[in-house]
Amino acid sequence: MTNVLVVDDLDVTFALHQAEVKAVSDLSFSLAAGETMAVVGESGSGKSQAFLAIMGLLARNGRAAGRAMLGEVDLIGMPGDRLDAYRGKDIAMIFQDPMTSLNPSLKVRTQLAEVLVRHQGFAPDKAGRAVIEMLERVGIPEPVKRASAYPHELSGGMRQRVMIAMALLCRPKILIADEPTTALDVTVQAQMLELFKTLTDEFGTALVLITHDLGVVAGVADRMMVMYGGRCVETGTVDELFYDPRHPYTLGLLHSTPHVAKRAQRLDPIQGLPPSLERLPSGCAFHPRCAFRFETCFAERPQLLPVDGGARGRACWYQGSLKHEEVA
Amino acid sequence: MGAGSYLRGVKSETYYGKDALQIDEIRWDNTEDLTAALNRYRAGELDILTDFPADQYKFLQDNYPGQAHVAPFLGVYYYVMNQSKAPLDNVNVRKALSISVLRDVIGPDVLGTGELPAYGWVPPGTSNYEGEQYMPEWASVPYDQRVEEAKKLMSDAGFTPESPLKMQLRYNTNENHQRIAVAISDMWKQIGVEVELFNAETAVHYDALNAGDFQVGRAGWLLDYSDASNTLDLLRTGIKQADGTMNWGNNYGRYSNAKFDELMDAAAKELDLGKRAGLLHEAEALAMDEFAVIPIYWYVSKNVVSPKITGFVDNAKDINRVRWMTKSE
Amino acid sequence: MLGYALRRVLSAIPIVFITIAVCFFILRLAPGGPFDGERALPPDVLRNLREYYNLDKPLPLQFVDYILGVLRGDFGPSMVMRDFSVARLISIGLPFTLMLGFAAFAIGTAAGLIAGALAAFYQNKWPDYLLVFVVLIPLVIPNFLMANLAQLVFGVYLRWLPVGGYQPGAILNLVMPVLILSMPHGARVARLTRGSMIEVLGTNYVRTARSKGLGTRLILARHAIKPALIPVVSYLGPGLSYLLTGSLVVEQVFALPGIGKYFITAALNRDYGLVLGTTILYVFIILALNLLVDIVYAWLDPKVRYR
Numbered sequence: 001m002t003n004v005l006v007v008d009d010l011d012v013t014f015a016l017h018q019a020e021v022k023a024v025s026d027l028s029f030s031l032a033a034g035e036t037m038a039v040v041g042e043s044g045s046g047k048s049q050a051f052l053a054i055m056g057l058l059a060r061n062g063r064a065a066g067r068a069m070l071g072e073v074d075l076i077g078m079p080g081d082r083l084d085a086y087r088g089k090d091i092a093m094i095f096q097d098p099m100t101s102l103n104p105s106l107k108v109r110t111q112l113a114e115v116l117v118r119h120q121g122f123a124p125d126k127a128g129r130a131v132i133e134m135l136e137r138v139g140i141p142e143p144v145k146r147a148s149a150y151p152h153e154l155s156g157g158m159r160q161r162v163m164i165a166m167a168l169l170c171r172p173k174i175l176i177a178d179e180p181t182t183a184l185d186v187t188v189q190a191q192m193l194e195l196f197k198t199l200t201d202e203f204g205t206a207l208v209l210i211t212h213d214l215g216v217v218a219g220v221a222d223r224m225m226v227m228y229g230g231r232c233v234e235t236g237t238v239d240e241l242f243y244d245p246r247h248p249y250t251l252g253l254l255h256s257t258p259h260v261a262k263r264a265q266r267l268d269p270i271q272g273l274p275p276s277l278e279r280l281p282s283g284c285a286f287h288p289r290c291a292f293r294f295e296t297c298f299a300e301r302p303q304l305l306p307v308d309g310g311a312r313g314r315a316c317w318y319q320g321s322l323k324h325e326e327v328a
Numbered sequence: 001m002g003a004g005s006y007l008r009g010v011k012s013e014t015y016y017g018k019d020a021l022q023i024d025e026i027r028w029d030n031t032e033d034l035t036a037a038l039n040r041y042r043a044g045e046l047d048i049l050t051d052f053p054a055d056q057y058k059f060l061q062d063n064y065p066g067q068a069h070v071a072p073f074l075g076v077y078y079y080v081m082n083q084s085k086a087p088l089d090n091v092n093v094r095k096a097l098s099i100s101v102l103r104d105v106i107g108p109d110v111l112g113t114g115e116l117p118a119y120g121w122v123p124p125g126t127s128n129y130e131g132e133q134y135m136p137e138w139a140s141v142p143y144d145q146r147v148e149e150a151k152k153l154m155s156d157a158g159f160t161p162e163s164p165l166k167m168q169l170r171y172n173t174n175e176n177h178q179r180i181a182v183a184i185s186d187m188w189k190q191i192g193v194e195v196e197l198f199n200a201e202t203a204v205h206y207d208a209l210n211a212g213d214f215q216v217g218r219a220g221w222l223l224d225y226s227d228a229s230n231t232l233d234l235l236r237t238g239i240k241q242a243d244g245t246m247n248w249g250n251n252y253g254r255y256s257n258a259k260f261d262e263l264m265d266a267a268a269k270e271l272d273l274g275k276r277a278g279l280l281h282e283a284e285a286l287a288m289d290e291f292a293v294i295p296i297y298w299y300v301s302k303n304v305v306s307p308k309i310t311g312f313v314d315n316a317k318d319i320n321r322v323r324w325m326t327k328s329e
Numbered sequence: 001m002l003g004y005a006l007r008r009v010l011s012a013i014p015i016v017f018i019t020i021a022v023c024f025f026i027l028r029l030a031p032g033g034p035f036d037g038e039r040a041l042p043p044d045v046l047r048n049l050r051e052y053y054n055l056d057k058p059l060p061l062q063f064v065d066y067i068l069g070v071l072r073g074d075f076g077p078s079m080v081m082r083d084f085s086v087a088r089l090i091s092i093g094l095p096f097t098l099m100l101g102f103a104a105f106a107i108g109t110a111a112g113l114i115a116g117a118l119a120a121f122y123q124n125k126w127p128d129y130l131l132v133f134v135v136l137i138p139l140v141i142p143n144f145l146m147a148n149l150a151q152l153v154f155g156v157y158l159r160w161l162p163v164g165g166y167q168p169g170a171i172l173n174l175v176m177p178v179l180i181l182s183m184p185h186g187a188r189v190a191r192l193t194r195g196s197m198i199e200v201l202g203t204n205y206v207r208t209a210r211s212k213g214l215g216t217r218l219i220l221a222r223h224a225i226k227p228a229l230i231p232v233v234s235y236l237g238p239g240l241s242y243l244l245t246g247s248l249v250v251e252q253v254f255a256l257p258g259i260g261k262y263f264i265t266a267a268l269n270r271d272y273g274l275v276l277g278t279t280i281l282y283v284f285i286i287l288a289l290n291l292l293v294d295i296v297y298a299w300l301d302p303k304v305r306y307r
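Chains as they are written, first to last, in the working numbering: chain H, 1 to 328; chain X, 1 to 329; chain B, 1 to 307.
Treat the hints with care, as some may be off.
Facing chain B, according to a computed beta carbon distance under 8 angstroms, are these residues of chain X, among others [as the list claims (entries may be wrong)]:
1) 22
2) 25
3) 36
4) 202
5) 203
6) 210
7) 220
8) 270
Derived by calculation from the structure, the hints in this document are not laboratory data. All values derive from a computational prediction rather than experimental measurement. Beta carbons: idealized from backbone N, C-alpha and C, even for Gly.
Could you put the whole structure together from the sequences, leaning on the hints where they help?
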């Protein structure tokens with residue numbers, strides 16, 4: 001399978017008043033056409049910033065370094081006006097909060113049609129018809145009527161469907177969904193994930209699902225990447241990581257997720273808080289919260305290395321089995 | 001009419017003096033803001049200003065020598081004292097207040113335009129008023145001696161620094177009135193008078209003066225016509241009305257002296273202008289000796305006249321007819 | 001829409017009526033009257049004047065008379081400028097004041113919007129710092145001082161522009177007054193625009209627009225301008241009524257024939273008819289502008305509905 005996105009040594013830094021803060025360090029991964037990759041981590045792990053950097057959407061004080069190859073072009077460091085040829089067409093993004101991510105002063109139709117006008121050169125009436133069609137595809141009842149509505153006239157789930165429709169209008173190679181279901185009711189979440197799955201399969205779109213909720217990952221994603229303190233700490237297929245986690249943080253995440261941890265007797269939240277990016281712990285950033293730590297973990301940072309010689313990777317010094325020593 | 005309106009006059013072919021008339025056209029501009037008017041003059045948009053800001057007098061003298069005209073004008077700036085109530089019904093208190101006002105500083109220093117000190121009631125230069133200008137003896141007494149005398153008069157009347165006379169001084173809201181009121185209340189402070197300053201807009205101020213609802217108040221009189229009776233009439237006793245009330249007219253202080261009224265009546269009937277002037281002088285001296293009012297300064301006319309204009313002659317009425325002027329380009 | 005406007009107009013009637021009533025009675029209760037001045041009038045003359053101007057009747061009756069007159073379009077005579085009716089005085093001064101105010105409004109608003117949008121776009125870069133500083137000047141220096149300074153510099157020293165005065169057609173005479181009047185307004189619009197533009201550019205929906213690859217121009221023109229204008233528009237109504245009713249200083253300093261002066265001098269002179277006339281006019285202007293703002297507002301923010 002061909003890779004649609006290859007990211008190499010991605011660094012994201014933010015200039016604060018006093019110092020520079022590194023939100024993402026040395027991130028490398030590739031995304032195959034049509035696959036679904038989940039990016040998992042707590043807030044502040046750098047999972048969102050990494051993909052905002054790839055989209056060229058960092059805040060004013062943010063800076064990205066490294067490479068993110070979309071086919072033959074490197075998106076990192078590309079000026080905004082050149083990025084606009086790819087954003088919304090080849091690579092699209094959906095944000096966490098559907099309530100504020102749609103423009104309140106523009107009708108739904110306007111906000112969708114402009115994508116087709118911009119990237120496909122559609123005439124407004126043709127774009128309008130395509131918009132209705134797409135709204136229907138994402139399961140919006142009475143799409144003609146909804147197209148003329150303003151965002152505040154729609155429910156949260158409806159708005160997220162509109163966002164999905166907007167992102168998929170040009171059948172992009174890559175869709176980045178940043179916590180797409182977090183703001184929605186639990187009942188709507190499942191439908192929404194189902195919709196993602198069907199549509200990306202149908203359009204052959206690779207999906208990046210950024211989430212802190214492993215429950216969302218199960219059944220949707222092919223592969224997953226676990227991030228902590230701005231770095232990838234473990235990566236592999238969903239099955240591998242779910243049934244045989246090799247990093248204590250992945251294990252902690254599994255134990256703290258209700259319907260994933262059903263085998264365990266009780267829920268075990270990870271002790272302590274995610275680290276502040278301004279003061280990352282020495283050595284392995286996870287060591288203050290880790291039950292398996294030893295001296296090396298305090299002093300040296302583990303590299304992301306292949307596990308069992310396969311496609312899996314993890315960054316951890318601990319060599320023993322995690323299964324036999326359950327977290328206290 | 002309001003700011004920005006103007007009158008335009010054009011030489012008339014039917015005017016009897018048209019052959020002598022040098023100016024073909026004239027525009028009278030109504031400008032409210034004096035500083036702005038001066039700016040327009042400096043830019044050459046106006047040839048004559050009929051007023052200018054007092055604080056610009058020095059500037060004009062330095063930078064536009066000879067163009068600022070300040071000349072005596074028929075009018076008196078004065079303080080009225082309400083004589084229908086104690087303690088200003090006491091002539092000695094009135095005297096103390098009047099002689100302790102150092103008039104020489106008001107025009108040159110407080111206002112900055114050099115208005116002349118006033119000690120009498122009829123402005124110098126008034127018509128039909130042959131004879132020597134009224135000048136009280138105390139006017140030539142050194143000021144510190146006058147203050148001493150005023151202190152004595154006040155303490156005789158029962159007012160000492162320990163139990164001062166507390167008094168309200170009213171004036172209509174205006175920067176110059178305020179400066180003068182502050183200066184004079186300071187002068188009165190040294191003779192044991194505590195002054196409370198009270199300012200109100202013009203309509204309210206004169207409403208209070210008319211109603212006799214004041215102690216000391218600021219007033220001014222510009223002569224309607226050049227005749228001594230025009231100011232002296234202000235001090236005549238009021239006229240009893242059909243309903244029994246008194247109409248004091250412009251005699252806000254309610255000064256009343258039967259002899260004064262007699263002299264004014266006699267003057268009104270006198271056909272010989274010389275004798276009439278004598279009677280009016282006698283009346284003026286009588287009222288001033290009784291300190292009927294506190295005259296402060298004689299008004300001046302203030303004009304700025306471009307050097308291009310000839311034929312502008314300062315006069316006490318401040319009437320400057322264009323028919324006598326010429327303008328050179 | 002039309003019904004909404006009509007309801008708004010109808011609901012304005014009691015506001016106008018209450019304003020007239022409050023103004024009428026407060027004015028009469030204030031000490032001093034239109035015939036108080038340096039020279040006291042003889043009682044007989046005063047009595048005749050009061051009779052002539054209807055001031056001798058009981059106050060409530062005078063009020064009824066006045067209201068009935070207003071309903072017929074008769075605002076009565078000026079009691080101080082005795083050759084003129086109130087309506088005539090207003091009709092002389094109003095067109096000029098409207099022209100001055102609207103010109104200053106148009107220029108100030110346009111300049112303020114452009115300056116504010118530019119400052120927001122270049123936030124924390126030198127164009128922003130420069131604009132933020134320049135915009136402060138007319139806000140801290142009082143209008144009359146600016147006017148006098150401008151007269152000195154451009155009129156007296158440089159001789160580029162006439163210092164003051166006006167006659168129909170003398171466009172050059174309007175340059176300084178209009179600019180001076182427009183400056184504080186423009187400065188406020190610029191500050192508001194900058195602030196709300198910065199806010200809007202940081203919103204999630206602008207980020208969404210960027211993620212769609214729309215390009216800066218389209219994002220500004222379609223996505224950012226309308227929401228950014230909402231706080232600005234809500235200021236424009238009061239701003240315009242301030243320009244129309246606050247032209248006094250500029251009219252005085254530049255010797256212009258507007259209406260601004262009446263509002264102040266009429267109150268000081270107790271020119272009852274003229275005070276009420278100008279008050280009704282100003283209330284009318286303010287209400288009309290508020291209505292206009294609300295309609296524009298509803299267009300900018302679809303969440304607002306005509307109810």
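Each hint tested on the structure:
Because the smallest distance between the Cβ of residue 22 (chain X) and any Cβ of chain B comes to about 23 angstroms, over 8 angstroms, the interface hint for this residue is violated. With a cut of 8 angstroms, the hint placing residue 25 (chain X) at the interface with chain B is violated, because the nearest CB-to-CB distance is about 13 angstroms. A distance limit of 8 angstroms between C-beta atoms decides the matter here; for residue 36 (chain X) the minimum to chain B is near 4 angstroms, and the interface restraint holds. Taking 8 angstroms as the C-beta cut-off, the interface hint given for residue 202 (chain X) holds, the closest approach to chain B being about 7 angstroms.
For the restraint placing residue 203 (chain X) at the interface with chain B, the shortest Cβ-Cβ distance is roughly 3 angstroms, inside the 8 angstroms limit, so the hint holds. With 8 angstroms as the threshold, the beta carbon of residue 210 (chain X) comes within range of chain B, its nearest partner Cβ sitting at about 5 angstroms, so the hint holds. Against a cut-off of 8 angstroms between C-beta atoms, the interface hint on residue 220 (chain X) holds, since the closest Cβ of chain B lies about 7 angstroms away. At its closest, the beta carbon of residue 270 (chain X) sits 25 angstroms from a beta carbon of chain B; the interface hint therefore is violated under the 8 angstroms criterion.
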